[in-house]
Amino acid sequence: MTLERPALRAFGPSAQSVAESLPAQLPAIVVDPAGIGEAYFEAVERRVAAQSFFLLPVIEDPRVARGRSIAVSILGQISDHDSRRVALTQLANGDLGVNGKSFREISVIDAGVANVMRELLRLADGLLVRSTCEAEMLSRLLGTRVRTRARIVPVREVPQPRTSVPVRSVVVFAPGLQRSDLVLYEFALSSLHLPVSFREEDLANAACVIDASASDPSWAVALAQRGYRLAIAASSGASEYVGNAAVYDALDERTILRAALAALGSEPAYAFAIPSAREALAALEASAPPVIAPAPLVSVIIPTYNRHADLREAVRSILAAEYPNLEVVVVNDGGEPVGEMFASEARVRVFDRDVNVGAFGAENFGIEHARGKYVQLLADDDILYADHIPRLVAALENSGAAVAHGNVLIRYERVESDGTRRLEGFNASVFVNPLEPFDALISTPIAGQALMIRRDAYERFGGFDAECVLADQEHQMRLARELDFVHVDRITGEWRLRNSGDAFSSNKNAEFAASLEDIYARMPSGRPAVEAARVATIQNVRSRPPGYVFPPTMSLRR
Amino acid sequence: MTTGLRAYGEKAQRLVAGFERDLPVIAFDRDGLQEAYTDARERSMRRARFWVLPFLRTVRHSSLLPAFGSIFRAYSTTQLRFEALRLLEAGLIEVNGVRYGHFHSPDADTANGLRALLSLSYGLVARSWAEISRVIALAGTRPASLAVVPLLDPIAPPPVPRTALEGVIIWAPRYDANEVSLLPIALEEVLLPVTVYCSGGDPPPAIKAQFRTVDDSTAQQLANARCIIVADHDDPAAVLSLAAFGVPLAAPVSCGAYEYVDNIALFDYEQIPEIYRATMRGLALSPPRPKGPLPGRDSLRIAAEMTEICPVLR
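Protein chains in written order, with my numbering: chain A, 1 to 558; chain B, 1 to 314.
Some hints could be false.
[To be verified] Reference listing, derived: stretches of chain A covered by chain B, where coverage requires no fewer than 3 residues with Cβ under 8 Å from a Cβ of chain B: (1) 245-254; (2) 394-406; (3) 474-484.
Everything labelled a hint here was simulated from the structure, so no lab data went into it.
From the three backbone atoms N, C-alpha and C, an ideal C-beta is built for every residue, glycine too.
Can you build the whole structure from these sequences, using the hints too?
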């Protein structure tokens with residue numbers, strides 16, 4: 001029995017609270033900083049299964065989150081009212097010194113959290129936000145541009161306002177926040193003559209409501225739908241859905257007071273243009289791999305040498321592709337025969353060769369025997385996700401380009417003495433960039449399996465130089481001089497980095513450096529900046545510690 | 001005396017030409033700011049509610065555009081130009097005495113005028129939420145109501161079917177060849193042919209791309225493009241109109257087009273290498289897809305009407 005994975009999953013307490021008010025059929029991972037580890041695994045599993053999903057990061061604006069706790073300290077340490085105001089104004093302006101740094105400098109999110117969130121966004125098909133304001137904040141914090149964005153507002157319930165109560169209060173409405181988080185509001189509203197309440201039970205009797213949500217517009221929307229007089233935090237993004245609400249800066253006590261007075265004197269708020277889950281789903285649908293008809297034949301070349309279990313997994317990943325016209329060319333590079341393994345699979349052709357010529361030689365052999373319009377290479381211990389082939393074929397067919405590449409996730413595994421593999425971590429930051437012409441003259445940041453190349457490009461520009469240690473780099477650099485590499489900015493495969501038997505786990509720095517020198521000599525650039533970068537690259541490779549590998553961004557604790 | 005639409009400044013008049021005349025909106029550009037303020041004060045004294053629709057240069061980078069033309073005239077080879085851009089980004093060279101990272105597009109007078117206008121208005125309307133954020137940041141004040149009203153690009157021709165697969169187009173018919181020169185320079189190493197549609201003028205020398213102005217053949221050229229790079233910094237209009245061609249699009253993130261259209265490659269002008277990267281991503285994209293009907297202008301009328309009603313005390 002296969003258990004269906006729920007479309008909507010939440011990781012972390014704040015994320016749980018948001019997800020409770022979202023439609024369960026929405027394919028999304030909702031995550032806050034406390035849940036990023038589990039969310040990462042969920043995201044990888046969804047990518048492996050080529051299931052489209054949104055990421056909804058629940059990150060409170062760090063300026064407000066940090067500021068709140070500093071405001072508590074200010075009000076705790078300073079007793080004079082006017083001195084408190086001076087310090088709070090400095091805090092709101094970002095000028096307050098905190099432990100030797102300005103508040104502006106420290107109001108950022110943890111770098112480790114930011115790195116993992118960035119990778120989660122790369123794994124997702126789109127960014128789901130509660131407001132454009134939130135999207136801008138995330139873009140500022142994480143520095144990523146996301147191709148697909150959609151807005152959704154969690155549905156909240158608030159009571160109908162009662163208008164017949166004679167004496168009503170200003171209510172600070174702060175679901176999910178502790179009373180101690182609200183001392184700034186208490187201070188700001190202390191000069192009001194009306195009673196101020198922080199109790200949710202008083203909501204229905206409110207003369208006006210100060211919504212204290214700093215990053216979530218949903219409560220403001222619910223309050224506006226009920227017609228409360230309302231003040232909202234600018235950082236909440238509620239202005240995108242709510243009219244007639246007074247707006248304040250959640251760290252500036254002066255604006256809180258002004259907004260309360262403005263809300264008391266205004267007409268009731270109203271809600272407009274609330275985005276629906278259907279709109280979000282449409283955005284996700286737009287990011288699905290396009291169907292190319294007729295589908296050109298794709299040849300996937302897999303060189304192999306005595307790694308039968310890995311080979312079976314690699315081939316299985318190809319045959320699971322959401323693509324109707326492909327062939328797998330397995331080139332057994334002088335190892336134990338593998339033909340029997342795929343005897344029943346008509347789409348797999350196996351060439352058992354007697355002599356071991358190395359991976360690059362075996363790939364050249366496979367390319368010679370490929371029949372497809374496009375050629376895809378895959379190491380026998382790596383895998384491609386089910387949407388890799390359709391996405392890259394669509395990119396090549398739509399653009400008419402000869403080379404396309406996707407992004408690759410590095411999966412770190414430890415092979416135990418009994419042969420079992422233990423997952424150690426992931427990295428989705430190394431093989432995620434496009435090939436830029438300047439970089440292509442120095443080294444290429446593209447994993448071999450990320451590339452799909454039109455077969456006639458091999459005919460025009462040749463295959464791999466099997467004698468070259470870094471033949472894949474040399475080949476990419478050669479092609480880049482003649483062809484544009486179009487970039488499918490999506491993780492569509494895995495490079496598995498193992499502690500045993502992998503080229504990168506042994507000390508090959510000197511060999512790699514010599515190979516680069518050889519490649520550079522073959523391809524002089526005539527550009528001083530390139531030549532300087534080449535010298536630096538060779539020095540860098542030589543000086544790497546033995547056994548250097550790219551460190552995982554997401555490590556499993558032992 | 002009017003309570004309806006008034007536009008101040010040539011740019012504002014052009015952009016709201018198709019708007020309904022009875023909309024309670026004051027539109028203005030930099031040149032029309034003073035007149036707009038006078039109108040706003042007069043309306044306020046009559047207690048007439050109105051929205052303000054500013055067309056100001058809120059994207060920091062936009063004031064640097066002419067400077068790029070000068071840089072590319074001073075440095076005549078691709079290598080020197082790339083090096084100059086790198087140094088500019090690193091803050092090691094200055095433009096008119098100002099470092100790249102220290103550029104502020106709008107002047108203080110504009111910010112003050114805008115703040116005063118917003119304080120008199122019922123709400124702020126702009127072409128995208130991205131623009132609203134910038135206007136609010138510039139003014140340093142935030143009106144109680146906000147709304148977006150995206151416009152379409154009157155220069156973009158209606159779509160025609162594709163007849164061939166050709167090169168990359170840079171769509172910049174509002175900018176002269178000098179102002180737009182950063183884009184073809186950033187794409188100098190794209191191997192596909194690059195064509196720039198601009199408003200005219202002389203481009204800096206030794207640029208590989210071909211410069212053209214819009215003519216009868218433009219629609220076919222757009223339809224046959226492998227990817228269209230939209231130059232507009234602050235207006236999603238071109239993306240909204242060109243999306244109908246079904247050709248992959250790349251656009252500056254600051255234009256806010258992603259709020260209305262899915263599947264576009266985004267770049268940030270302030271990180272110049274992103275222009276090349278977005279082009280490579282754009283080439284691989286499937287056609288752009290509008291998210292749905294664009295927000296209409298009715299909300300401006302309804303929102304203002306709601307507040308015209310005298311509150312009923314119970």
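Taking the hints in turn, this is what the structure says about them:
With 3 residues having a Cβ less than 8 Å from any Cβ of chain B, the region 245-254 of chain A passes the three-residue criterion, so the hint holds. Proximity of the region 394-406 of chain A to chain B, defined as three or more residues with a beta carbon under 8 Å from a beta carbon of that chain, is established by the 7 residues found. Coverage of a stretch by a chain is defined here by at least three residues with a beta carbon nearer than 8 Å to that chain's beta carbons; for the region 474-484 of chain A and chain B the count is 3, and the condition holds.
This entry satisfies every hint, going by the numbered hints stated previously.
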